[in-house]
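These protein sequence lines are chains A and B, in that order.
Anchor point for the first sequence: position 145 equals 145 in UniProt numbering, and the numbering is continuous, going up by one each time.
Anchor point for the second sequence: position 450 equals 450 in UniProt numbering, and the numbering is continuous, going up by one each time.
Please note: incorrect hints may appear among the correct ones.
[To be verified] Straight-line Cα separation of at most 30 Å, DSS-like style, residue types lysine-lysine; simulated pairs:
(1) B:Lys617 x A:Lys125
(2) B:Lys155 x B:Lys388
(3) B:Lys544 x B:Lys16
(4) A:Lys135 x B:Lys491
(5) A:Lys125 x B:Lys16
(6) B:Lys152 x B:Lys643
(7) B:Lys257 x B:Lys70
(8) A:Lys125 x B:Lys491
(9) B:Lys388 x B:Lys152
(10) B:Lys257 x B:Lys227
(11) A:Lys135 x B:Lys136
(12) B:Lys225 x B:Lys2
(13) B:Lys257 x B:Lys86
(14) B:Lys16 x A:Lys135
(15) B:Lys643 x B:Lys136
(16) A:Lys45 x B:Lys70
(17) B:Lys225 x B:Lys89
(18) B:Lys155 x B:Lys295
(19) B:Lys2 x B:Lys388
(20) B:Lys295 x B:Lys388
(21) B:Lys89 x B:Lys227
[What the hints assert, rightly or not] Listed next, with one range per pair, are the computed distances between beta-carbon atoms:
(22) A:Gly208 x B:Thr34: 26 to 36 Å
(23) A:Met108 x B:Lys136: 39 to 49 Å
(24) A:Arg176 x B:Val384: 52 to 62 Å
Everything labelled a hint here was simulated from the structure, so no lab data went into it.
For each residue, glycine too, the CB sits at the ideal point set by N, CA and C.
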Amino acid sequence: MKDDDFGITRRGVLASGGASFAIASIPPARAEIAPASQPMPAAMKVALTVNGKKRELEVDTRTTLLDALREHLHLTGTKKGCDHGQCGACTVIVDGRRINSCLSLAVMHEGDEVTTIEGLGTPEKLHPMQAAFVKHDGYQCGYCTPGQICSAVAVLDEIRRGVPSHVTRDLNARPRATNDEMRERMSGNICRCGAYSNILEAMTEIAGRRG
Amino acid sequence: MKFDTPAGTNPIDQLKVVGRPTDRIDGRFKTTGTAPYAYENPAPNAAYGYVVGAAIAKGRIASIDPGAAKGAPGVLAILTADTAGKLTKGDFNTANLLGGPEIEHYHQAVALVVAESFEQARAAAALVRIDYARGKGAFDLHAAKESAQPSKDQKDIKVGDFAAAFAAAPVTIDATYHTPDQAHAMMEPHASIAAWEGDQLTLWTANQMINWGRGDVARTLGIPKDKVRLISPYIGGGFGGKLFVRADAILAALGAKAAGRPVKVALQRPLMFNNTTHRPATLQRIRIGATREGKITAIGHESWSGDLPGGGIENAVQQTRLLYAGPNRLITARLATLDLPEGNAMRAPGEAPGLMALEIAIDEMAEKLGMDPIQFRILNDTQVDPEKPERPFSQRQLIECLQRGAERFGWSRRSATPAAVRDGVWLIGMGVAAGFRNNLVTKSGARVRLSPAGRIIVETDMTDIGTGSYTIIAQTAAEMMGVPLDRVDVKLGDSSFPVSAGSGGQWGANSATSGVYAACVKLREAVAQKLGFNSADAVFTGGKVRSGNRSAPLARAAAGGEIVVEDSIEFGDLAKRYQQSTFAGHFVEVAVHGYTGETRIRRMLAVCAAGRILNPKSARSQVIGAMTMAAGAALMEELAIDKRFGFFVNHDLAGYEVPVHADIPHQEVIFLDEVDPISSPMKAKGVGELGICGVAAAVANAAYNATGVRVRDYPVTLDKMLDRLPTAGPQGSP
Numbered sequence: 001m002k003d004d005d006f007g008i009t010r011r012g013v014l015a016s017g018g019a020s021f022a023i024a025s026i027p028p029a030r031a032e033i034a035p036a037s038q039p040m041p042a043a044m045k046v047a048l049t050v051n052g053k054k055r056e057l058e059v060d061t062r063t064t065l066l067d068a069l070r071e072h073l074h075l076t077g078t079k080k081g082c083d084h085g086q087c088g089a090c091t092v093i094v095d096g097r098r099i100n101s102c103l104s105l106a107v108m109h110e111g112d113e114v115t116t117i118e119g120l121g122t123p124e125k126l127h128p129m130q131a132a133f134v135k136h137d138g139y140q141c142g143y144c145t146p147g148q149i150c151s152a153v154a155v156l157d158e159i160r161r162g163v164p165s166h167v168t169r170d171l172n173a174r175p176r177a178t179n180d181e182m183r184e185r186m187s188g189n190i191c192r193c194g195a196y197s198n199i200l201e202a203m204t205e206i207a208g209r210r211g
Numbered sequence: 001m002k003f004d005t006p007a008g009t010n011p012i013d014q015l016k017v018v019g020r021p022t023d024r025i026d027g028r029f030k031t032t033g034t035a036p037y038a039y040e041n042p043a044p045n046a047a048y049g050y051v052v053g054a055a056i057a058k059g060r061i062a063s064i065d066p067g068a069a070k071g072a073p074g075v076l077a078i079l080t081a082d083t084a085g086k087l088t089k090g091d092f093n094t095a096n097l098l099g100g101p102e103i104e105h106y107h108q109a110v111a112l113v114v115a116e117s118f119e120q121a122r123a124a125a126a127l128v129r130i131d132y133a134r135g136k137g138a139f140d141l142h143a144a145k146e147s148a149q150p151s152k153d154q155k156d157i158k159v160g161d162f163a164a165a166f167a168a169a170p171v172t173i174d175a176t177y178h179t180p181d182q183a184h185a186m187m188e189p190h191a192s193i194a195a196w197e198g199d200q201l202t203l204w205t206a207n208q209m210i211n212w213g214r215g216d217v218a219r220t221l222g223i224p225k226d227k228v229r230l231i232s233p234y235i236g237g238g239f240g241g242k243l244f245v246r247a248d249a250i251l252a253a254l255g256a257k258a259a260g261r262p263v264k265v266a267l268q269r270p271l272m273f274n275n276t277t278h279r280p281a282t283l284q285r286i287r288i289g290a291t292r293e294g295k296i297t298a299i300g301h302e303s304w305s306g307d308l309p310g311g312g313i314e315n316a317v318q319q320t321r322l323l324y325a326g327p328n329r330l331i332t333a334r335l336a337t338l339d340l341p342e343g344n345a346m347r348a349p350g351e352a353p354g355l356m357a358l359e360i361a362i363d364e365m366a367e368k369l370g371m372d373p374i375q376f377r378i379l380n381d382t383q384v385d386p387e388k389p390e391r392p393f394s395q396r397q398l399i400e401c402l403q404r405g406a407e408r409f410g411w412s413r414r415s416a417t418p419a420a421v422r423d424g425v426w427l428i429g430m431g432v433a434a435g436f437r438n439n440l441v442t443k444s445g446a447r448v449r450l451s452p453a454g455r456i457i458v459e460t461d462m463t464d465i466g467t468g469s470y471t472i473i474a475q476t477a478a479e480m481m482g483v484p485l486d487r488v489d490v491k492l493g494d495s496s497f498p499v500s501a502g503s504g505g506q507w508g509a510n511s512a513t514s515g516v517y518a519a520c521v522k523l524r525e526a527v528a529q530k531l532g533f534n535s536a537d538a539v540f541t542g543g544k545v546r547s548g549n550r551s552a553p554l555a556r557a558a559a560g561g562e563i564v565v566e567d568s569i570e571f572g573d574l575a576k577r578y579q580q581s582t583f584a585g586h587f588v589e590v591a592v593h594g595y596t597g598e599t600r601i602r603r604m605l606a607v608c609a610a611g612r613i614l615n616p617k618s619a620r621s622q623v624i625g626a627m628t629m630a631a632g633a634a635l636m637e638e639l640a641i642d643k644r645f646g647f648f649v650n651h652d653l654a655g656y657e658v659p660v661h662a663d664i665p666h667q668e669v670i671f672l673d674e675v676d677p678i679s680s681p682m683k684a685k686g687v688g689e690l691g692i693c694g695v696a697a698a699v700a701n702a703a704y705n706a707t708g709v710r711v712r713d714y715p716v717t718l719d720k721m722l723d724r725l726p727t728a729g730p731q732g733s734p
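All chains, full assembly: derive it from the sequences and hints.
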């Protein structure tokens with residue numbers, strides 16, 4: 001990880017937090033002044049690879065990767081649950097890492113390789129993780145399911161690559177796909193139907209260790 | 001088909017398909033992201049709507065000025081109560097879905113901005129200028145308690161002489177419990193796409209009750225019901241939150257009319273918690289008096305909840321009418337007027353919060369009596385309705401649930417003395433609670449077709465909100481028609497199909513499959529007649545129909561064209577003559593951190609008696625899901641109220657905490673063998689809500705057993721235990 005990933009320091013956050021408080025405190029009379037005219041929002045071109053296919057889009061720069069997938073490419077398997085990075089339903093795999101696609105703008109993904117649930121498997125040819133979810137009934141309403149599956153696939157890959165987590169006891173040893181490791185790493189994917197116990201069974205099967 | 005006498009032997013009893021743990025037939029669509037939810041139906045040329053919510057809880061809009069929003073890029077229409085035309089409140093709504101000028105609750109929708117793109121609609125919505133005149137509201141249940149009134153939803157129950165019996169009882173408890181407001185927080189936001197063709201409205205919408213929804217859309221918009229079509233094949237969770245039409249549907253319809261093209265609207269997540277319904281908070285006073293031997297002589301349960309004017313109670317006392325014996329009973333519910341968002345049904349309305357309190361009280365009483373809490377429950381079991389002893393339960397295996405669970409869970413290893421078991425810094429405890437939820441049945445219809453290719457097609461407006469409706473309906477049709485599961489197609493959630501029970505109150509599975517059963521009985525008769533067989537002795541099996549020594553392929557009956565029949569199940573008075581309920585024994589082991597009071601659930605077991613289990617795989621999922629939601633209710637879920645301004649503060653999925661993977665251990669579910677011929681021809685009952693009933697109390701009781709700290713105010717968070725945690729254990733550490 002590069003140092004400048006942490007370019008925003010804690011002090012910086014505190015300072016900017018203070019600044020936004022100051023703006024919110026402007027007396028209402030001034031806040032009411034609206035801009036005389038609204039400029040057209042900027043559109044930008046972005047080229048990325050989605051599920052192995054090159055796609056070129058021209059999108060409003062405010063368009064999230066999630067909305068680009070759902071509303072522009074009609075890949076609606078990726079779900080919008082909160083649009084704020086709180087639920088994980090929009091999880092996709094970008095250049096091998098899982099992200100919340102609602103928290104990133106489409107135009108940030110020039111040249112990126114994006115894998116969505118549709119890229120893992122199809123109803124006729126399920127990915128092993130998809131088949132395991134069906135077998136273990138690792139879903140109910142199905143809305144968080146694509147995100148759970150994308151996360152599950154990426155989590156097992158993270159563990160294989162030796163990426164530690166909050167519950168990894170020994171940072172010098174390779175993490176293993178234990179129940180605790182999988183539960184911890186999957187905790188950004190909420191399932192309100194409560195299929196967690198079954199999702200873990202599905203992941204355990206794919207991780208190659210029967211629970 | 002009338003169902004007014006207990007079911008005899010019927011084709012479902014073969015259990016070749018029904019009753020087998022079966023993968024969901026919709027699983028390959030849900031796991032590949034190809035199952036279309038409301039917002040995802042192809043709607044060419046659709047515009048996007050963005051909802052503006054009221055910034056006050058009560059009062060009036062002084063002025064609303066869409067000015068800057070009007071000229072914003074891409075904007076097609078701006079709707080407010082001023083411009084929407086006359087709207088009538090739906091039969092199932094307490095507050096108007098589009099507010100203004102009167103505001104009834106915080107985040108009540110007050111405007112919809114429609115634009116070419118989502119980003120444009122969102123940006124323009126921020127420019128709508130609204131000035132409010134804030135009114136005074138009541139937001140505090142404790143403060144409003146004294147003003148609460150009786151409600152038509154629950155008459156006062158007085159059996160024997162409660163006051164005298166309680167006063168005379170040698171052992172008593174008198175305790176008050178609090179359950180907070182809770183949110184459904186289903187993963188799919190309320191969402192709709194509306195499209196008009198002339199005066200005909202089509203709504204793809206996330207809704208559990210298609211026919212109710214169709215009626216209320218028509219009523220709200222002032223158009224005939226037959227001009228409204230609702231389509232809802234996949235629903236991303238509901239838990240009661242999608243029983244009713246919400247603002248997304250009405251605003252999409254109005255927006256589409258104004259824009260002259262289809263409009264899609266999803267409620268923004270931060271709007272959902274205050275804009276839609278929630279489970280109301282309760283205050284519950286429970287008094288129990290018993291003999292020294294542990295026989296209950298007096299049981300009193302009084303509950304208070306609040307809602308908007310015209311709303312209803314959270315009926316937290318209803319299970320207490322039926323769960324335990326006792327000759328002297330006092331049961332009341334009172335309703336206060338509160339100006340918080342609308343309260344309404346959430347998974348096991350009434351029983352879920354009611355048992356959160358009652359089943360702690362039972363634990364407290366058992367301890368006071370020096371009895372094992374399971375033994376105390378067994379001693380006070382009743383096989384008849386305590387208010388009407390001539391009215392038996394159709395089935396009641398509560399004792400068996402508790403005993404089987406105790407054995408399986410290792411209950412004998414529990415220390416009756418709290419705070420006696422440690423694992424390092426963790427305090428370990430076990431808790432138990434009874435689960436109880438009534439079995440409701442309601443009329444349900446279906447259409448079934450036999451195609452010339454021999455396929456069975458079922459059409460009903462029943463919904464699948466994750467419950468497994470698709471699969472159990474297919475299993476029912478396959479069993480009835482004697483075909484393998486993969487020869488059945490199930491089409492759900494469309495108001496052009498026969499009206500079904502819908503999904504709510506755990507009545508869906510039993511009622512909807514019974515409706516399919518009724519239609520299949522009719523189809524069997526039609527097939528037998530076509531084949532020239534005597535329908536009474538025709539046997540449907542292996543894709544063939546046999547009668548005496550004759551046999552014909554099922555498909556031959558449709559050789560001359562598809563056979564289509566329709567029927568519904570209608571329930572007689574068996575539910576009046578017999579009390580129909582479902583039962584469970586819930587067992588939980590927790591570890592409470594000795595220094596911080598953090599509670600972790602280590603083990604969970606539910607033993608359920610709920611009639612025939614149609615698909616043990618999806619039924620088990622219903623139960624573990626409900627146990628998970630109950631874990632949230634026990635340990636973390638609470639809508640925090642700003643009592644000055646009258647809104648739920650933690651109105652998103654970051655602030656309103658629900659259980660995540662790391663919170664939930666492996667969960668075990670056992671279904672007792674049971675068939676209930678009094679319930680329906682399926683001999684089934686519901687389980688989807690039984691699974692949440694009692695679990696939270698089992699968690700709280702386990703936390704008490706671990707620590708000796710009794711928390712009566714949910715959720716059981718560490719701050720409520722911290723200053724009372726047992727002090728240093730061995731070696732000076734807790």
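Comparing the hints with the structure gives:
Simply put, B:Lys617 and A:Lys125 have alpha-carbon atoms about 23 Å apart, close enough for the 30 Å limit, and the pair holds. A C-alpha spacing of about 15 Å is found between B:Lys155 and B:Lys388, which places the hinted pair at or below 30 Å, so the restraint holds. Of the pairs offered as hints, the one joining B:Lys544 and B:Lys16 holds, with about 15 Å between alpha carbons and a cut-off of 30 Å not exceeded. Restraint check: the Cα-Cα separation between A:Lys135 and B:Lys491 comes to about 23 Å, which is no more than 30 Å; the hinted pair holds.
For the hint pairing A:Lys125 with B:Lys16, the CA-to-CA distance comes to about 28 Å; that is within 30 Å, so the pair holds. For the hint linking B:Lys152 to B:Lys643, the alpha-carbon distance of about 28 Å falls within 30 Å, and the restraint holds. Of the pairs offered as hints, the one joining B:Lys257 and B:Lys70 holds, with about 17 Å between alpha carbons and a cut-off of 30 Å not exceeded. Between A:Lys125 and B:Lys491 the alpha-carbon distance is near 23 Å, which keeps this suggested pair within the 30 Å criterion.
Between B:Lys388 and B:Lys152, the direct Cα distance comes to roughly 21 Å. Compliance with the 30 Å bound is thereby established for this hinted pair. For the given pair, B:Lys257 sits about 14 Å from B:Lys227 by alpha-carbon distance, which is consistent with the 30 Å threshold. Distance hint between A:Lys135 and B:Lys136 is unfulfilled; the C-alpha atoms sit about 55 Å from each other, more than 30 Å. Among the hinted pairs, B:Lys225 with B:Lys2 is consistent with the structure: their alpha-carbon atoms are about 27 Å apart, no more than 30 Å.
Of the pairs offered as hints, the one joining B:Lys257 and B:Lys86 holds, with about 14 Å between alpha carbons and a cut-off of 30 Å not exceeded. Restraint check for B:Lys16 and A:Lys135: the C-alpha separation of about 20 Å stays at or below 30 Å, so the hint holds. A distance of roughly 11 Å separates the Cα atoms of B:Lys643 and B:Lys136; the hinted pair therefore holds under the 30 Å criterion. Of the pairs offered as hints, the one joining A:Lys45 and B:Lys70 holds, with about 28 Å between alpha carbons and a cut-off of 30 Å not exceeded.
For a cut-off of 30 Å, the pair hint linking B:Lys225 to B:Lys89 stands: about 15 Å separates their Cα positions. About 26 Å separates the Cα atoms of B:Lys155 and B:Lys295, which keeps this hinted pair within 30 Å; it holds. Distance hint between B:Lys2 and B:Lys388 is fulfilled; the C-alpha atoms sit about 26 Å from each other, no more than 30 Å. Distance check on the hinted pair: B:Lys295 and B:Lys388 sit about 19 Å apart at the alpha-carbon level, within 30 Å; holds.
At roughly 18 Å between alpha-carbon atoms, B:Lys89 and B:Lys227 fall within 30 Å of each other, so this suggested pair holds. As the Cβ distance of A:Gly208 to B:Thr34 is approximately 28 Å, the hint placing it in 26 to 36 Å holds. Range check, A:Met108 to B:Lys136: Cβ separation about 48 Å, and the 39 to 49 Å hint holds. Our hint of 52 to 62 Å for A:Arg176 and B:Val384 holds, since their Cβ atoms are close to 55 Å apart.
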